[in-house]
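Chains as they are written, first to last, in the working numbering: chain A, 1 to 224; chain B, 1 to 226.
Derived by calculation from the structure, the hints in this document are not laboratory data. All C-beta atoms in this analysis are idealised placements derived from N, C-alpha and C, irrespective of residue type, glycine included. Incorrect hints may have been included.
[What the hints assert, rightly or not] Far from chain A, some chain B residues (derived; all Cβ distances over 10 angstroms): (1) GLN158; (2) ARG196; (3) GLU210.
[What the hints assert, rightly or not] Below, in silico cross-link-like pairs of lysine-lysine (DSS-like), each with a Cα-Cα straight-line distance of 25 angstroms or less: (4) B:LYS135 with A:LYS98; (5) B:LYS48 with A:LYS98; (6) A:LYS168 with B:LYS140; (7) B:LYS151 with A:LYS168; (8) B:LYS151 with A:LYS98; (9) A:LYS168 with A:LYS98; (10) B:LYS140 with A:LYS98; (11) B:LYS88 with A:LYS98; (12) B:LYS140 with B:LYS170.
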Amino acid sequence: MSDTTPQQDFFRGIWRENPVLIQMLGLCPALAVTNSVANAIVMGIATFFVLTGSSLLVSMVKKLVPGEVRISTYILIIATFVTVADMTLEALVPDIHKALGAFVALIVVNCIILARQEAFASKNTVGRSLLDAFGTGVGFIVAMLMMGTVREVLGNGTILDGTALRMKVIPGNFEPWVIFVLPPGGFLTLGFWLLIISWFQKRRTERARIREWPEGVAARKEAA
Amino acid sequence: MTAPAPFQPKPDVPAWRLLLTLGLSGAVAGFLLVFVYQLTLPIIERNKAERLAAAIQEVLKAPDHYDTLYVSSGALTKALPPGADPGKLEAVYLGYHADGTRIGYAIASQEPGFQDQVRLIFGYDDATKTLLGMKVLESKETPGLGDKIEKSEAFVSQFDGVEAPLKGVKAREATSDPHEVDMITGATISSRTVIRIINDALERMEPMLESYRAAAVPAAGTKAGQ
Chain A
1 MSDTTPQQDF FRGIWRENPV LIQMLGLCPA LAVTNSVANA IVMGIATFFV
51 LTGSSLLVSM VKKLVPGEVR ISTYILIIAT FVTVADMTLE ALVPDIHKAL
101 GAFVALIVVN CIILARQEAF ASKNTVGRSL LDAFGTGVGF IVAMLMMGTV
151 REVLGNGTIL DGTALRMKVI PGNFEPWVIF VLPPGGFLTL GFWLLIISWF
201 QKRRTERARI REWPEGVAAR KEAA
Chain B
1 MTAPAPFQPK PDVPAWRLLL TLGLSGAVAG FLLVFVYQLT LPIIERNKAE
51 RLAAAIQEVL KAPDHYDTLY VSSGALTKAL PPGADPGKLE AVYLGYHADG
101 TRIGYAIASQ EPGFQDQVRL IFGYDDATKT LLGMKVLESK ETPGLGDKIE
151 KSEAFVSQFD GVEAPLKGVK AREATSDPHE VDMITGATIS SRTVIRIIND
201 ALERMEPMLE SYRAAAVPAA GTKAGQ
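Excised from the complex, chain A in its bound form (with noise of 0.2 angstroms):
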């Protein structure tokens, strides 16, 4: 499995194989707390934390665990570390943590991190392990950072309100439009980050196209 490169390992889940936007796991905080940035950052943080954390150690240990409880022995790996992560954030950030609600201790069954313990950490080198869910979950730290900052302009026309860092970036009359903070807002940012990419991936498979084999395109605009 050692077919790719240390940077390979780190770049690919931040964009070509980004958890949320490209894989579609992870969707629930991704729909759920992203009502503002500051939300979206910390919940993004402790996720990544939970990823780090249980990648070390599931790659750390694959060789002693039998593979009949491995992921038994994985989510207990996983729980463990978010409730860690879920008191840690109780005693330093309150109120955000009190925004996040249930979705912190539900990071346990947040399916990016089984996911990569068991099709990457399990088979691979503590340090490609690491490699790879630092990029996965900096790849999922900007996907809820996409999804929030659009929210919370549309929503609520600030920028990490709530914070000592609070800045108001649309002025004047403009009334916030509520149902980007209310859940629909949640699946109609999605959707068109979702389109958004979608049309880009096209437009590049497109012009792979025509630079492999211009002729057999122009022809083909040509009869049509």
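Chain A is fixed; fit chain B onto it per the hints.
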């Protein structure tokens, strides 16, 4: 294409190894969690106490000091009943001016709102039966509509000086009745919840407040913030 062979556990993994793996990881996880719990618990408790103290300061308009009165068997008592956990008993907070005169009580209460339990604290002067202020402690009301019960200055400021029992009215039907609170357009249920919580809490507490007022001679209490 042949169907994949059913998963066969390798015969060479004995049961004790499976048990040992899960048992060991469970034990390690348990120890780690206890350790982090012990580490974070005091900080979490302190955050909660600080938030409550700040809310009391706000709804009683910066009292010089206040007493914590516990609700025990239908009466208010300053002394903690023996064997009771102070965190589990309902409590009201009696604030004083610097010269020892009473400001009023801060009473916390909760009831279901539009989404979830709404928990709030309000200041109440039992001598004039007037509210001093209201602050929502916990709510998950709809952002942009229901959450105005805590974010709208116009709504929150009405609870300073309104007389109990409260009566919610639509803003355009408002008269000069001192019991009236203008409700928020688009957040009728959330507004009613706030009014209901306060009225219910007062109905429940009023006899206790009165008997405490009759019995107790005002004495110096603990300093504010303790």
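Hint by hint, here is what the structure shows:
| no. | hint | result |
| --- | --- | --- |
| 1 | GLN158 | holds, 23 angstroms |
| 2 | ARG196 | holds, 23 angstroms |
| 3 | GLU210 | holds, 36 angstroms |
| 4 | B:LYS135 with A:LYS98 | holds, 17 angstroms |
| 5 | B:LYS48 with A:LYS98 | holds, 12 angstroms |
| 6 | A:LYS168 with B:LYS140 | holds, 23 angstroms |
| 7 | B:LYS151 with A:LYS168 | holds, 17 angstroms |
| 8 | B:LYS151 with A:LYS98 | holds, 17 angstroms |
| 9 | A:LYS168 with A:LYS98 | holds, 23 angstroms |
| 10 | B:LYS140 with A:LYS98 | holds, 10 angstroms |
| 11 | B:LYS88 with A:LYS98 | holds, 21 angstroms |
| 12 | B:LYS140 with B:LYS170 | holds, 23 angstroms |
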